[in-house]
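Participant: Chains as they are written, first to last, in our numbering: chain D, 1 to 111; chain A, 1 to 480.
Incorrect hints may have been included.
Unchecked claim - Partial list, derived from the structure: chain D residues whose beta carbon lies under 8 angstroms from chain A:
#1 57
#2 60
#3 65
#4 67
#5 68
#6 70
#7 72
#8 82
#9 83
Claimed, not checked - Ranges between beta-carbon positions, derived for each pair:
#10 108(A) / 81(D): 24 to 34 angstroms
#11 29(D) / 467(A): 52 to 62 angstroms
#12 53(D) / 167(A): 29 to 39 angstroms
Unchecked claim - Derived pair list, reagent style BS3-like, types lysine-lysine, alpha-carbon separation capped at 27 angstroms:
#13 32(A) / 280(A)
#14 61(A) / 459(A)
#15 152(A) / 53(D)
#16 53(D) / 107(A)
#17 459(A) / 64(A)
#18 470(A) / 61(A)
#19 22(D) / 392(A)
#20 13(A) / 280(A)
#21 107(A) / 22(D)
No lab work stands behind these hints, which were simulated from the structure alone. From the three backbone atoms N, C-alpha and C, an ideal C-beta is built for every residue, glycine too.
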Amino acid sequence: MTEEQVFSRVLSVAEVQPGTKKAVDVNGQSILICHSNDRLFAVSNICSHAHEKLECGRMSRGWIACPIHGARFDLATGRAMNPPAKQPIATFPVRVVEDWIEVCVGNRVAP
Amino acid sequence: MAAELEERKALDKGEARCPSAESTQEIIAKDKVAAPGWVCSESYRFMGDEDISTDRYIDPKFAKEEMDKLWTRTWQFACREEHIPEVGDYHVYDIGAYSFIITRVAKNEVRAYFNACLHRGTKLRASGTEGRASEFKCSFHGWSWNVDGTNKGIVCEWDFPHVDRKKLTLPQARVELLGGFVFINMDPDAPPLAEYLGPEFKQHIDAWKLEDRYITVHVSKRFNCNWKLAIEAFLEAYHVIVTHPQVAVSNGDANSQYDVYGEHVNRFISPLGVLSPHLKGKYTEEDILAQFTLGDSSALGSSKRTLGKGDTARQVMADMLRGMFEKATNTDLSGVSDSELLDCYSYTLFPNCFLFPGISLPMVYRFRPDPRDHRWCIYEVLFLRPVPKDGKRPEPAEVTHLADNQSFVEAPGMDPGFGAILDQDTDNLFLQQEGLEASAKHGLTLGNYQEIRVRHFEKAVEKYLAMEPKRPDRERLRQR
Numbered sequence: 001m002t003e004e005q006v007f008s009r010v011l012s013v014a015e016v017q018p019g020t021k022k023a024v025d026v027n028g029q030s031i032l033i034c035h036s037n038d039r040l041f042a043v044s045n046i047c048s049h050a051h052e053k054l055e056c057g058r059m060s061r062g063w064i065a066c067p068i069h070g071a072r073f074d075l076a077t078g079r080a081m082n083p084p085a086k087q088p089i090a091t092f093p094v095r096v097v098e099d100w101i102e103v104c105v106g107n108r109v110a111p
Numbered sequence: 001m002a003a004e005l006e007e008r009k010a011l012d013k014g015e016a017r018c019p020s021a022e023s024t025q026e027i028i029a030k031d032k033v034a035a036p037g038w039v040c041s042e043s044y045r046f047m048g049d050e051d052i053s054t055d056r057y058i059d060p061k062f063a064k065e066e067m068d069k070l071w072t073r074t075w076q077f078a079c080r081e082e083h084i085p086e087v088g089d090y091h092v093y094d095i096g097a098y099s100f101i102i103t104r105v106a107k108n109e110v111r112a113y114f115n116a117c118l119h120r121g122t123k124l125r126a127s128g129t130e131g132r133a134s135e136f137k138c139s140f141h142g143w144s145w146n147v148d149g150t151n152k153g154i155v156c157e158w159d160f161p162h163v164d165r166k167k168l169t170l171p172q173a174r175v176e177l178l179g180g181f182v183f184i185n186m187d188p189d190a191p192p193l194a195e196y197l198g199p200e201f202k203q204h205i206d207a208w209k210l211e212d213r214y215i216t217v218h219v220s221k222r223f224n225c226n227w228k229l230a231i232e233a234f235l236e237a238y239h240v241i242v243t244h245p246q247v248a249v250s251n252g253d254a255n256s257q258y259d260v261y262g263e264h265v266n267r268f269i270s271p272l273g274v275l276s277p278h279l280k281g282k283y284t285e286e287d288i289l290a291q292f293t294l295g296d297s298s299a300l301g302s303s304k305r306t307l308g309k310g311d312t313a314r315q316v317m318a319d320m321l322r323g324m325f326e327k328a329t330n331t332d333l334s335g336v337s338d339s340e341l342l343d344c345y346s347y348t349l350f351p352n353c354f355l356f357p358g359i360s361l362p363m364v365y366r367f368r369p370d371p372r373d374h375r376w377c378i379y380e381v382l383f384l385r386p387v388p389k390d391g392k393r394p395e396p397a398e399v400t401h402l403a404d405n406q407s408f409v410e411a412p413g414m415d416p417g418f419g420a421i422l423d424q425d426t427d428n429l430f431l432q433q434e435g436l437e438a439s440a441k442h443g444l445t446l447g448n449y450q451e452i453r454v455r456h457f458e459k460a461v462e463k464y465l466a467m468e469p470k471r472p473d474r475e476r477l478r479q480r
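Same shape as in the complex, but just chain D (with noise of 0.2 angstroms):
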């Protein structure tokens, strides 16, 4: 048995210009597909701190901060750069084929 990768098809490239990101909903998961430092990321929409949506949050140079309480976490690996989070946020393996982006927000047992 191998685990293969699944990766799911969310948005179309278009749709996340550069400096801007975009919430979505995989398998119950919420999911921030981000565009920034000229790369696109996908992380955990929620605070590691209080559990709030970071959608509406200011994103610049590779990080996202949090609206309420302001912690900022790295876009690339998801760790928690000031207070009052400590906790990382996830983070999810993005691709870009035939201009959808696609995350894999989890892996298959295959026979």
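Put chain A on the given structure of chain D with help from the hints.
Facilitator: Chain A only, in chain D's frame:
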């Protein structure tokens, strides 16, 4: 030599200048592309020759008084407007124990809220952070404020019948915007920023258009010395021949020009592309050209430096820099003078800000005391480059915090040559701090001309220290 010294002594105090060397103005007057008025003026005045007392650097009581009297009354560089481009964007600025949320509440309106919950005092945003707020909500019990500073909500309001929410707006420091910088002042009675800086300097900064620049490099480092010693390491070119011998070949150090404006602004102009008067007769124009150093040598690329017949190193460098900076930064420099391309202009805006409006050395420095220890301070250097011709403003560089033992050379984006100069400047600082504490002499002795900026700066310190303490008063700062 002895006769020359006697001659100098006979001059009125402060009138002596470096003998047998061209003045800065004489050097600039020979340039092909003439310098603007703000460069071609002088504003020196003699301000006394008594020693500067050393208690201000070594006594923790003095540092406490500075916080109560000086920092609560003066205009300070808090952040750049580019840090908060959209409504709701904020940037936390700290000075001593004080902390401010600098936030944009409208396209052309920026506010500075005291960064503390009005319930039990928790900071509403952690120090050193930035972001965009939909509200400023305390992470302890959830009291919350709108971006405009009005109270948004109190959790279990039924338990606070004694609190009038209409009066629960966040206290604010004053804010003024100038040249793309956000300045704040905690004192409701302070003069407006333009008056504080004075009309002459206002003309200078208006000419620079620093609002059209953006931060390409931002580095922060702590030094183990009093904040004023760190500032004063950058106020003169007198130290260049000893501290930075590698640049003296192409720097008019002893013939640099020093000016003071009102009580809060001073400057020097240090001409580059000319030989130090200390080295007269020891180097040729070819040597000067070969050894010319500037803040960002990457702009120079690998181009060859050659001197034609009758050329001066200074003019050849100016011509080279014009083309190279235009190309490297995608900007139009055709109207810029040779002096602005070459020379080092260093302005101090009392108490925490240095501006360098030149093209080759386009820095901003900020100095702050460490609130925990008067023997430590925080220094930041920023490089501000012109926004590209296509008008698309790049995002400002993220700040890099260097560890105490790291070299400036290690900071991302820092030119190695300039990083080495900053290391040389700041490696002396702990020795000076410790030496002042060790010394049997309790005063600093200053040169009348080359060290006038140190005296001018310390006169301003003395002015504020002679005042009564002034702590921020919520009632007067509630709504401006």
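Participant: With reference to the structure, classify each hint as holding or not holding.
Facilitator: Verification of the supplied hints:
no.: 1; hint: 57; in the structure: holds (6 angstroms)
no.: 2; hint: 60; in the structure: holds (6 angstroms)
no.: 3; hint: 65; in the structure: holds (3 angstroms)
no.: 4; hint: 67; in the structure: holds (4 angstroms)
no.: 5; hint: 68; in the structure: holds (5 angstroms)
no.: 6; hint: 70; in the structure: holds (4 angstroms)
no.: 7; hint: 72; in the structure: holds (6 angstroms)
no.: 8; hint: 82; in the structure: holds (5 angstroms)
no.: 9; hint: 83; in the structure: holds (4 angstroms)
no.: 10; hint: 108(A) / 81(D): 24 to 34 angstroms; in the structure: holds (30 angstroms)
no.: 11; hint: 29(D) / 467(A): 52 to 62 angstroms; in the structure: holds (59 angstroms)
no.: 12; hint: 53(D) / 167(A): 29 to 39 angstroms; in the structure: holds (31 angstroms)
no.: 13; hint: 32(A) / 280(A); in the structure: holds (24 angstroms)
no.: 14; hint: 61(A) / 459(A); in the structure: holds (19 angstroms)
no.: 15; hint: 152(A) / 53(D); in the structure: holds (19 angstroms)
no.: 16; hint: 53(D) / 107(A); in the structure: holds (26 angstroms)
no.: 17; hint: 459(A) / 64(A); in the structure: holds (18 angstroms)
no.: 18; hint: 470(A) / 61(A); in the structure: holds (16 angstroms)
no.: 19; hint: 22(D) / 392(A); in the structure: holds (23 angstroms)
no.: 20; hint: 13(A) / 280(A); in the structure: holds (26 angstroms)
no.: 21; hint: 107(A) / 22(D); in the structure: holds (24 angstroms)
Of the numbered hints listed earlier, not one is contradicted by the structure.
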